[in-house]
Amino acid sequence: MFKNIDGYVRSTEVVEGEFGLQERTRIPLAMVEKVRNVPGVADVSPDIQAFARIIAKDGKPLGSEGNGPPTFGSVGEDFKGALWTIVDGRFPAGPKEVALDEASAKNGKYTVGDTVKVVAQSGSREFTLVGIASYGDVRSPGGATFALFDVETAAEFLGKPGFVDAILVVGDGTRTDEQLADDIDAMFDPSDKVETLTGAEITKETQDDIGQALSFFGIILSTFSYIALGVGSFVIYNVFSISAAQRQRENALLRAVGASRRQISRAMLTESVVVGLVGSVLGMLGGIGLSSALTALLKGLGIDIPSSGLVVTASTVVNTIVIGVIVTVLSAWLPARRAGKVPPLAAMRSTAIEVAQVGRTRTWIGLAAIALGLGVIGAVIGGLGTSWLGLGILFVFGGTIVLGPVIAPPVGRFLGTPAAKLRGITGVMARQNSVRNPKRTARTASPVLIGVALVTAVSALAASIKGQVNDIFTEQFKGDFAINFQSSGFGGLSPSLADGLNRIEGVESATGIGTLLVRIDGQGRLLTVITPSTIEGNYDIGLVGARYSDLDASGIFLSKDWSERNDKPVGSTIKVTLADASERTLTVRGLYENDDVAGNRVVSREMFAGANVQSFDFGVYVKKTADADAGEVRAALQKAVDDYGQGKLLSKQEYIDEQAGSVNQLLGLIYGLLLLSVVIAIVGIIITLLLSVFERQREIGLLRAVGMTKGQVRTTVRWESVITSLFGAVMGIVLGVGLGWTIVFALRDQGLTSFQVPVGTTVFIMVMSFVVGVLAAIYPAWRATKVNVLESLVTT
Amino acid sequence: MNSPVSTVAASAVNLSKIYGSGDSEVRALDNVSVDFATGEFTAIMGPSGSGKSTLMHCIAGLDELTSGSALIDGEDLSTMSDKELTTLRREKIGFIFQSFNLVPTLTAEENILLPLLLGNTEPNKAWVDRVIDTVHLRNRLSHRPSELSGGQQQRVAVARALASEPHIIFADEPTGNLDSTTGTEILTFMRKAVDELGQTIVMVTHDPVAASYSDRIVFLADGHVVDEMRDPTPERVLDRMKNLGN
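Listed in order, the protein sequences are those of chains Z and W.
Just so we're aligned: 643 in the numbering used here is position 643 of the first sequence, and the numbers increase by one with no gaps anywhere.
Just so we're aligned: 16 in the numbering used here is position 16 of the second sequence, and the numbers increase by one with no gaps anywhere.
The reader is advised that the hints may include incorrect statements.
To be verified - If you want a taste of the chain Z side facing chain W, the calculated C-beta under 8 Å gives, among others:
| no. | residue |
| --- | --- |
| 1 | 86 |
| 2 | 242 |
| 3 | 243 |
| 4 | 422 |
| 5 | 703 |
| 6 | 787 |
To be verified - Heads up, simulated DMTMM-like pairs for lysine to aspartate or glutamate below, C-alpha to C-alpha not over 20 Å straight-line:
| no. | chain 1 | residue 1 | chain 2 | residue 2 |
| --- | --- | --- | --- | --- |
| 7 | Z | 710 | W | 64 |
| 8 | W | 192 | W | 122 |
| 9 | Z | 786 | W | 122 |
| 10 | Z | 421 | W | 133 |
| 11 | W | 125 | W | 147 |
Claimed, not checked - Listing some non-contacts, in silico: residues in chain Z with all C-beta distances to chain W over 10 Å:
| no. | residue |
| --- | --- |
| 12 | 70 |
| 13 | 192 |
| 14 | 334 |
| 15 | 428 |
| 16 | 433 |
| 17 | 595 |
| 18 | 598 |
| 19 | 642 |
| 20 | 657 |
| 21 | 699 |
| 22 | 708 |
| 23 | 756 |
| 24 | 789 |
These aren't lab readings, by the way, just hints derived from the structure by calculation.
Quick reminder that beta carbons are idealized off the backbone N, C-alpha and C, glycines included.
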C-alpha cells in the first residue's frame, strides 16, 4: 500500500478501541512544509483517509454499509510517491472539484465534467468531477471507493480545516529510510507529539492491522474446520471398517498362513497414512484452487485485490498435511486393530458377518458422560463460571455419541414405523436393516447429529436474540420513523442530517444517536453521543432520577451496571481524552437502565463541540407531531434523506425488523459453513450403505430370486438411508435445543431473557434430513440392483 | 406313471447355455430339451459340471439362455424383461436353496409369506395354514432365522416355496447342508407336498438317497440329457451314477 513511500509522519497520540477501532490525532497542515524542507526529502504530500461516500448518478450510494469494503475520502495531488495516477482529466484543485477512482466512476456512471454528490462527516456536498484515477495497476484497491480532493478541501470537508492525518514522504535517495526518519524526527519538538515511520514500518503496521481484523474471521473458520475434521473422522472410521470387513477372508487367510496380528494391523495403518497424505494434498490443492477461483470471482464483481497473488505459506502446507494424516491414522486405528483380531478360521466362513453386540459398559460410559456434562452445566447455571459451559456441552455431546448404538435400535424402529406401515414388507425390511448394526447406524448418523445440533442451537440462539431485539426497540423507541446506517465503526450519518430533519413540518423531534471514541484510564472506550434537547420523548434509555436536560457539556450519564462496577456514583467525575488529545473532566449527572443500545456511557454532542474528532450517527430517530399525517411526514423525510444521499428511512416496525434481521447475516454465514458437514454426512451415509449392500449381497440375491423387483430393492435401501438420516437429525435437534437453551441461559446477564425454539428451522431440518437420506441412497440403491442373483446364490 | 393325465408344468426346448466365446467357450447346456410334468417330483442329477444347476437356473428364470427357450406354464422366458421375470418368479415359482434361504431380519412367518408380501397379494389363509401345519412350524412363526435350527430353517424355506401356491417349485440341493435325519424330514415334506398338496417339484441333487424320493430322475452329463429313470431306488440311482462317471 505504501510501496513508493520512504517515510510516514504522524501524531503519536492515538485512541484505540475494541475490534481494531482506532482514531489518531490529526496533525496541523503547517507541518507539511516543515518536513518538505528537511534535507534528503524529495517530495511530501499530506494524507487524509476519512469516511466519504460517493452517491451514484441514480442517487444510490456506492459501496455497502457496515461490512463491505470501506468508502474513503482522501487527498489526490501530484506527488512523486503518488499512489494515484490520473487516467482521465487531472487532479482536483479548489473547493468545487473532485476526482474518483476508476471503478467508482464506472459504477457510478460518471464521466469527467459531471456533478458528483459526496457525503462525509460534515454533510453532503456536490463537486465537479475533473479526473479519474487508478490505484497502482488496479481500478480500485480491494473494492474500496475513493473520492479525492485537494488538501484544503479534503481537510475542511472530511475532517477539520487545517489538519491532516499524516504526511507522506519520498526521499531523494541520498540516505537510508531510517536515517531520513531520524532526520525528520529531529526537526520536531517532543511537545509536537509526532513520529516518523519508514515506508517498511508503516506497510507492516497496516498489514498487521488487517491481519488483526481478519483474526476473528480466522477463529470462526478454524472452529468449522475442526468440526469438519471431527465429522470427517467418523467417515474415515467407517471407510476403514468397510475395508476391514471386505478383506476379512483375505486377512483371515493371511493369518492362517502365518501373518501376525500386528502385521495385519500395520498393513492397514500404512494404508491410512497413504490415504491421509493423498487426501490432504488433494484437499490443499482444492483449497488453493478454490481461493484462486474466489479471487477471480471477486475481480469479476469489481473488487480487485492488489496483492502479489495468493499467499500459501510453508506452515500452511505442513499443518494441512500433518493434521490430515494424523486424523486419518487415528480414525483408522480401531478398524486396523479389529482387522488384526480376525481369527484364521474366518477364512473358511462365508461373507463378512455384521457384528452387532452393544456392550453394557458402553451404556454406562455414555450415561456417565452425559450425567457429568449435565452436572457441569447445572453448576454453570448455579453460578459456576460460564467458561465451564463448553466442557459440560462437550461431555453431553460425547456421551450422546457413545450412547448412540444403545439408542439407535428403539429410535430407529420408532422412526421406521411409517415406512413399515406405508411400504409393507420393503418398509419392514428397511426398518430392520437400519437397526441391524446399531454401532454402524449410530456412527453414520453422528455427522448428521453434530451438524444438526449446531444448526439448531445457533438457530435457537438467533431466534432468542431476535425476540430480544424486538422487545428492546418496541420498549425504548417512542418515535415513528428511523434512519438507519449499518455501521461497523467506520463512517455513518452526518450529525447535520438530524438537524435538517428537525426543520421538516410535522416532525416533533429528530434525534441522532452516534458514537465517539475516547480514552478513559488509558483504555479506548466508545461513548454514546446523544442530543439531549431532541431525544426527550423520542428514545428512552431509562434514566433513573434524572432528566435528559441534566446532561450538559461537562456531564456524562452512566449505565447503573457500569457505575456500580467502577464505583462512579452520581456526582463523581471521569476524565476522558479525546482523539485530538484534548482532555475533559466529566461529572456523572445521572444513571440509566437500558444499556442495550446506549451502552455504558452517554454524553451530549456539546461535550466535544469544536474538537478535532470524528463522530457519526448510526441512527436518527424521528417522532412526528400527534396531528401530522404519517404519509406526508414520511414523504418529506424521504426527500430529505435522498437529498442527503445515504441512510435508510424506515418506519418503526420496519426498523425493528431490520435490526432483528441483522442476526440473519450471522446465521447465513454459519449455515453456509455447516453445509460442509451436511456434505460429509451424505458421503458418510453413502459409504455405510455401500458397505451394507456389499455385506447383504446374498440376501439381496435371495430376495430378487423369490420375486423382489429392482424398484423394491431400491425402496428398501432408500428407506434405510432415510431412517438413518432422520435418526441423526432427531438426536441432533434434541441436543441442539438443549444446547441452545443452555447458551441462552448462560447469556442471561447479557440481556437474553426469553428462550425460543426455532420451530421453522426444526421442521426444515427434518425435511432436509429426509431429502439427504433419499439423495444419499441413490447410488447404493443402484448398486444393490446390480447384485448378480445367481452369483450371490451360488457362492458358498 | 403316477399321473394319468400328464400336463407339462415347465420345459426346455433346444436350450443352450454358452459361457465365454472363442477358445474359452464352455457349453454348459447343449441343445437340451426336457419336459417336467405337473404334479410330479422330478430330480435332476449328474456329476459336477454336468450343467444340472444351470438347467434349473435357466428354466427358473434366474439365468439368461444363449439359445432355445424355457417355458413355464406355456410362457416363454427367453422373451421376458427383467421385471416380467421377477413377477413370474414371485407368482409362479417357489424356490428352495441349499443354504441362506431366509432373510435374517424377518420372522419365520414373514419369510414364509415373503413372495406374497412382495407382490402385495392377499395370502390364501386356509392354504397357508395347511402348509404351516404340514411342516410343523405353528409354534415357531414369530422366531427369526437365527433362533431356528438348520432343519427348521429349511422347513421355513419349504413352507415359503409352497405358500404362494406356485406353478412349480425348484429346489437346489435342499438337503445339502443338513444331517441325514433332518434331510430325510425335509424330503418327506417335499414328497408330501406332491402327494397331498398336488405340487410340482424339480430338485437338483447329487445325493442318490435324496433323488430316490422323486418320481422321475433326469440324468445330465456334459450339458446333455443322457438318461431318465422312473420310480428310482437309491441302489439303482447309485448304479446309474457310477456308469455316468465312466
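Going down the list of hints, with the structure as the test:
| no. | hint | result |
| --- | --- | --- |
| 1 | 86 | violated, 76 Å |
| 2 | 242 | violated, 20 Å |
| 3 | 243 | violated, 23 Å |
| 4 | 422 | violated, 12 Å |
| 5 | 703 | holds, 7 Å |
| 6 | 787 | violated, 13 Å |
| 7 | Z:710 to W:64 | holds, 17 Å |
| 8 | W:192 to W:122 | violated, 25 Å |
| 9 | Z:786 to W:122 | violated, 29 Å |
| 10 | Z:421 to W:133 | violated, 28 Å |
| 11 | W:125 to W:147 | violated, 25 Å |
| 12 | 70 | holds, 63 Å |
| 13 | 192 | holds, 87 Å |
| 14 | 334 | holds, 26 Å |
| 15 | 428 | violated, 7 Å |
| 16 | 433 | violated, 6 Å |
| 17 | 595 | holds, 61 Å |
| 18 | 598 | holds, 65 Å |
| 19 | 642 | holds, 69 Å |
| 20 | 657 | holds, 53 Å |
| 21 | 699 | violated, 6 Å |
| 22 | 708 | violated, 5 Å |
| 23 | 756 | holds, 42 Å |
| 24 | 789 | violated, 6 Å |
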